[in-house]
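Guided by the hints, dock chain B onto chain A, whose structure is given.
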Amino acid sequence: MEVFAVTIFMSLAFAVLFAVLFFAERSQRRDRSIEQDALLPLDDGPPAPTRRQTPLS
Amino acid sequence: MTTNASKITIEFDDRTVRRFMIASIIWGIVGMLAGVFIASQLNFHQLNLASWLSFGRLRPLHTNAVIFAFVGNMMFAGIYYSTQRLCKARTASDLLSNIHFWGWQLIIVAAAITLPLGLTRGQEYAELIWPINIAVALIWVVFSVNFFWTLAKRNEPSLYVALWFYIATIITIAMLYIVNHLSIPTSWTHSYTIFAGVQNGLVQWWYGHNAVAFFLTTPILGIMYYFLPKAAERPVYSYRLSIVHFWSLVFIYIWAGPHHLLNTALPKWLQMLGTFFSLMLWAPSWGGMLNGLLTLRGAWDKLRTDPVIKFFVAAVTFYGMSTFEGPLLSIRAVNALSHYSDWTIGHVHAGAMGWNGFMAAGMFYWLTPRLYGTKLYSTSWANFHFWIGTIGILIYVAAMWWSGIMQGLMLNATTPDGLALVYPNFIDTLTSIRFLMGFRIIGGSLYLVGMILMGVNIWLTIRKGSPVNESREVAVIERTQRDTMSLKETFLNDPIACTFAGMLLVLAWLFLPPGADIAALICAGVFAVLAVKRFQTGHNRWSQWYESLLHNWMPFTVLTFVAVALGGLIQIIPTVMVNRATNVEDRIQQPYTPLELAGRDIYVSEGCYNCHSQMIRTMLPDVLRYGDYSRLGESIYDHPFQWGSKRTGPDLAREGGKYPHSWHYDHMKDPRAISVGSNMPAYPNLFTEKFDQKTLWKKIAVMTQLGVPYPAMTDTEVKTKAVEQGIQIVKELEIQGRSGALPDTKIVALIAYLQKLGKFDVPDLEGKLKGTPAGIPFPLKPGIPDGYRSSAVTK
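The listed protein sequences derive, respectively, from chains A and B. For the first sequence, my numbering begins at 2 and goes up steadily by one. For the second sequence, my numbering begins at 268 and goes up steadily by one.
Simulated from the structure, these hints should not be mistaken for lab results. Be aware that a few hints might be false.
[To be verified] List of simulated lysine to aspartate or glutamate pairs, EDC-like, C-alpha gap at most 20 Å: (1) K961/B / D937/B; (2) K497/B / D44/A; (3) K274/B / E1001/B; (4) K1026/B / E922/B; (5) K936/B / D1011/B; (6) K497/B / E36/A; (7) K497/B / D45/A; (8) K420/B / D44/A; (9) K569/B / E500/B; (10) K420/B / E36/A; (11) K274/B / D44/A; (12) K986/B / D1011/B; (13) K535/B / E852/B; (14) K1026/B / D853/B; (15) K274/B / D45/A; (16) K988/B / D895/B; (17) K925/B / D895/B; (18) K961/B / E991/B; (19) K925/B / E999/B; (20) K420/B / E745/B; (21) K957/B / D1011/B.
[As the list claims (entries may be wrong)] Okay, the calculated beta carbon distance ranges per label pair: (22) L22/A / K755/B: 32 to 42 Å; (23) T572/B / Q37/A: 52 to 62 Å; (24) L40/A / F702/B: 45 to 55 Å; (25) P47/A / V825/B: 27 to 37 Å; (26) F15/A / E814/B: 29 to 39 Å; (27) L833/B / I9/A: 38 to 48 Å; (28) P47/A / L405/B: 34 to 44 Å.
Cβ coordinates follow ideal geometry from the N, Cα and C atoms, glycine included.
Next up, chain B with everything else stripped away, as it sits in the complex:
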């Protein structure tokens, strides 16, 4: 770095950008290859070649690889490139950049090894085991320090909109990841989440939904706001719109998680909040999409020739489609049809392949010539990639819409009197969508071919050129031109006061009892009019305050954190009460015996939750098909909860006692011998492998610590109980004509678990604690009323 009076020449750290870009392409191809492979397994069960190559273990590998490895690395490449340019400063620390890059790749490798081995936490997109969770948190801190340090030494006073989205990403992902991964280890490779049942469900989907929001959306929006104007060579359509887009998006998104749990045992008020905020998301999402598309005003001709613009325009359009579809799927009536079906899978892939994948492709095609000082090897290949990718997405998504709606309709169809199912056999509905699963392989393969072509094109470009680190002369700004805002200036002003007072009144409207809620709503209306009048008379003050906020990264970050934390606080803290209240409803789960717990760990490890739910919704067809609807209390000891999000196979919430042991024994050996047409993998390994007895006592101890009412047991007692129950199951199997099973094998433990599903006690709620075992975690107070439950259908 050379200095000349108030101007300096800086050399950007583009090496880190290059590394992340290359890593993203490689992991992207690996992740999508895994996707095509597991899509093929759905049609050809024979492809479940070994236990570590089974669908249940590979599906988490696919999702984690695409989300954290492909999009994660792409996001880091975009952030490192644009942040340096927007701050007119080199990244603060090369050492931190190196640790970030290599640390992230090590995490990915660790995930790629542990997931096929069946080492998992059993929660979607949060499968990685606890030592890897800690590594992720540490590397995220390294990234955050490097990013904020760069902001602190910037030579541009104002923070451009892309940086706001990066700030929101960094702080929100940290918050979500830490809370959702709170666990107590039982060994180096296993832990139990501290949450259970509905509480776990809510926290998981608060995380899961917002992983989509703040890992797959906000950073990519930041990238859109930087790279789209660069590619179009014109400024973003409306900067004011981007302000509205940012604040409304980060505030609203965080509340929408419960839409993943509609019609379940989740209390009504949370379901309503989830739907309400999801519908509100339409506005900011489309505001952002339009801001992106209108940036191309006067540059639409480039669409014909420039593959970068093609990818960006298609990506933003897919963003618009996905964010239209998301709120639609959050409406209870639509969700009753779409949930647990392929429709959701199609929705997710429109977002991941269309929005994330195409933004990545556009950015990489734009970056590579600049990072290697040469022209792209082949523009026509890039154009071909665009078309084959687009066709691939359309085939995939259309097939999933068709499949999801068709299977949803079949599963929900009842006879005109409403007393019976039209298609009582689940397999019939699966058989009817098999050919559409084939289209999923075709669409995914076409998309993968495009990705491979991009990899080759970029590799040949790299070979043609040589790495270039851009150098630029920048004016050093005075320290007084940035980061001088005090806390008082940040918080004591009209915009903040009006926003918070308005939100308080709206919350009062939502939560106060009838009568008082209407008063709060009227107050909110009056207050809104007063706030508008105040804005009209002092809009200059409001604008000046926001401009100063943009010159101060710390106050901006604090306010962003407040905006995203509010939704979580309001939704999750009351839920802690719900789980421990009389909202166990009229049933309380029976704790698992040591053998059943071992079986449950096998169920989680094999990834059974990827295809089977354990949640009978408050819907007539669900009740007719699977039995009485699931109560809150029936998963109160489930660490982690296994409500699931997809039914490739039927729900298992009341599986216990439905069939004899021999049925499960035969079914695990060869599913098709029992259910003709099933696409479930066979599990021969369960018949030879022993279940883990060594850590069983520790597992029981951790469960007890988490509030599950186990009596005090020694290590020997735990093992003895497990083996005794195993011997009993083996005897029963022999009576049923299945000889040869050993009491300490995984199949016996799994049968014990499956036979326990749906077993409950009726708690003595009047007598409260009378007669309940020590440590039972209820009841504190009568719970929050839930209208859906009282009107639900019961058998």
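Chain A on its own, in the form it takes in the complex:
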């Protein structure tokens, strides 16, 4: 029977731990993470109103 007690205890402990970590993370005000810079290559921005085609000269 101890196995149920241990399982329930461990599950609850993990659940509480995750909840605590989640809210701790949420409560930290962060405007920006350095990881955001990883998005720079994907930031294509809006295309110009008309795409110009120029001949190869």
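Showing chain B alone in chain A's frame:
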């Protein structure tokens, strides 16, 4: 460019990107064609059709074409494309871009003309003659100005990781190229490097190894960090990991050069540093590889359909394999087997064809549709290119592993008592790997077919579409959002203080005498714990500092320069002492006579160093095969040094006096008449062409300026001495039954040089300068101790 409040529309300069891309493909095919041709010459000596088509002259053409023309142009295409997008700004100057492009192509053409003519500096990957060196430096400055100017006018505050790698490339290549090419000209097409012997060896491999690091690796990593996320449509796996990857890579790489000189006359402490830092390179290299591969998380399905992803994944995997193999080959015991063998050639080609070539292919297949506003002509051709290229690399690399290990084992094999060689005849070891050289042709040809197919595919795509310059609307950022960091903010902070103090303590551990070194190591340990604690309490400050650094290109560049310059300074400055100290060991080279010097220039010009070393390592098999191990003092007057990096033929360090003149005479005329099974080219041109007497006096004058102890001689005296020695050799040849040789021909000068190899005097080290000719550059102080030398095997 149109302006609208704080937003502007910019049109990127994609014409320059297109030009560099096309140039890269064309030169790539030319360079690889030369590669297949010289691989064939190794098996079929008859293909040495003329002096300008001989292996020794074409091999530098192949390496320079692939490195500087193929990868160089590819790198510039990638840098120009991604820098504009990452800076949200058009390249600063179209004029500079034009000068850069046309200047670089002119340099390549000049190299393609001069190298087959035998005009060379005689150092690997640094063969180009001095006027071209100056042109390279100038064009590099043009490129640098254009790049940094673009950074200065960017509309994105933060510098993305790709740009860090480009910065490291630009400043490090400038530093390496300038230092390694310092020479004194003797004519418009010839010069002598200011370094000699071990000093030259160290500087050359500091350059040579880091040409791989900062020309073939860092810019391509920058390209990986930009184009792989674009192709996978997801951000790089970990930006934090890329920070660790960048700084550890640029700091560690620069120290690893001496691993090219293991078991040679290079002092022990430098060999150890080379091995130590090479092993450390495993970590950042694999960090970068994993960061690249894990970027594909959730996008692995694209591997089945998208040739771009296929090429990128295979390229990054080859990068991982090569950077695993590199440190392995830097371990002394492994190096004793692999060095001078085909194993190194296989390693280099896994990197060049797998990492560089496939990154180039992936990038070109991704770029072409975007640069020409159309779909790729044929995806199935691109897929075929991938498979034929991969098979080609695998055949090539596997054959070279097999060949290198087999020949290495045969050359190093001794009888159980250790007193004799199992295979004393070098030719036997060469014969046993001939069939593997055939696989090298097959693998290289398959790869070349893939390259040609890519060229055709891209050409047909270009014909289908029309050139497109991308335009984009970007927000103009305030000047205060970037480039405001002061020098004080850059240097006076915890991360910098901790890094420098830590490095000082580690250096103290490496260089202090026994006892003090242990104290320094303990201090370093304690300091590391304190630094970690300081980081834990103030990590926000550390992060903020690094973020501000990323918003400031100049401080970032300065710190990168410090990181790469340190290794060079610590390794090279003490070596200047070594060459001029009593570390000539117990022997000092005899200076060359004018005729021998002329012969040496012919040896360099014909590229003999591509197949023959002049360095007997401190290893029993080397000593048994070639004679007593080479001392530091025995190449002290060699500008440039000719230690070599590959033995397709035997070592020549003690060739002098081994055979009569007639042997060399016959051998140069027809190598196979002397050594059955030899793959050496015949040199009929040497028997008719005259050696250069006109500039001989100037050459002696430059050598004297560099510290070689020649007595004062007039132009006439120099010529007379040369001709007199030539007449003497001709007489001796006649006695040996070889009539008809003329004293002013190249063959006579070359024989004079070959017969001088290994000739030395025993210096009077106790009496120091007593009795030494004026100008002899030793000794300043007893040198740095070298443990390997005292325990080395002597005959």
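Status of the hints after comparison with the structure:
1. K961/B / D937/B: Violated, because 29 Å separates the two Cα atoms, which is more than 20 Å.
2. K497/B / D44/A: Between K497/B and D44/A the Cα gap is close to 10 Å, so the pair holds against 20 Å.
3. K274/B / E1001/B: violated (86 Å)
4. K1026/B / E922/B: holds (9 Å)
5. K936/B / D1011/B: It holds: about 17 Å lies between the C-alpha atoms, which stays within 20 Å.
6. K497/B / E36/A: holds (16 Å)
7. K497/B / D45/A: Holds, because 10 Å separates the two Cα atoms, which is no more than 20 Å.
8. K420/B / D44/A: holds (18 Å)
9. K569/B / E500/B: holds (10 Å)
10. K420/B / E36/A: violated (24 Å)
11. K274/B / D44/A: Holds, at roughly 16 Å.
12. K986/B / D1011/B: holds (10 Å)
13. K535/B / E852/B: Distance ~14 Å between K535/B and E852/B Cα, so the pair holds.
14. K1026/B / D853/B: holds (13 Å)
15. K274/B / D45/A: Holds, at roughly 15 Å.
16. K988/B / D895/B: violated (31 Å)
17. K925/B / D895/B: OK: K925/B and D895/B at ~13 Å, within 20 Å.
18. K961/B / E991/B: Roughly 16 Å between the alpha carbons, so the hint for K961/B and E991/B holds.
19. K925/B / E999/B: holds (15 Å)
20. K420/B / E745/B: holds (11 Å)
21. K957/B / D1011/B: Holds, at roughly 6 Å.
22. L22/A / K755/B: 32 to 42 Å: Between L22/A and K755/B, where Cβ atoms are some 38 Å apart, the hint holds.
23. T572/B / Q37/A: 52 to 62 Å: The hinted range 52 to 62 Å is violated for T572/B and Q37/A, with Cβ atoms some 30 Å apart.
24. L40/A / F702/B: 45 to 55 Å: The hint (45 to 55 Å, Cβ to Cβ) holds, given that L40/A and F702/B are roughly 53 Å apart.
25. P47/A / V825/B: 27 to 37 Å: holds (35 Å)
26. F15/A / E814/B: 29 to 39 Å: holds (34 Å)
27. L833/B / I9/A: 38 to 48 Å: violated (58 Å)
28. P47/A / L405/B: 34 to 44 Å: holds (39 Å)
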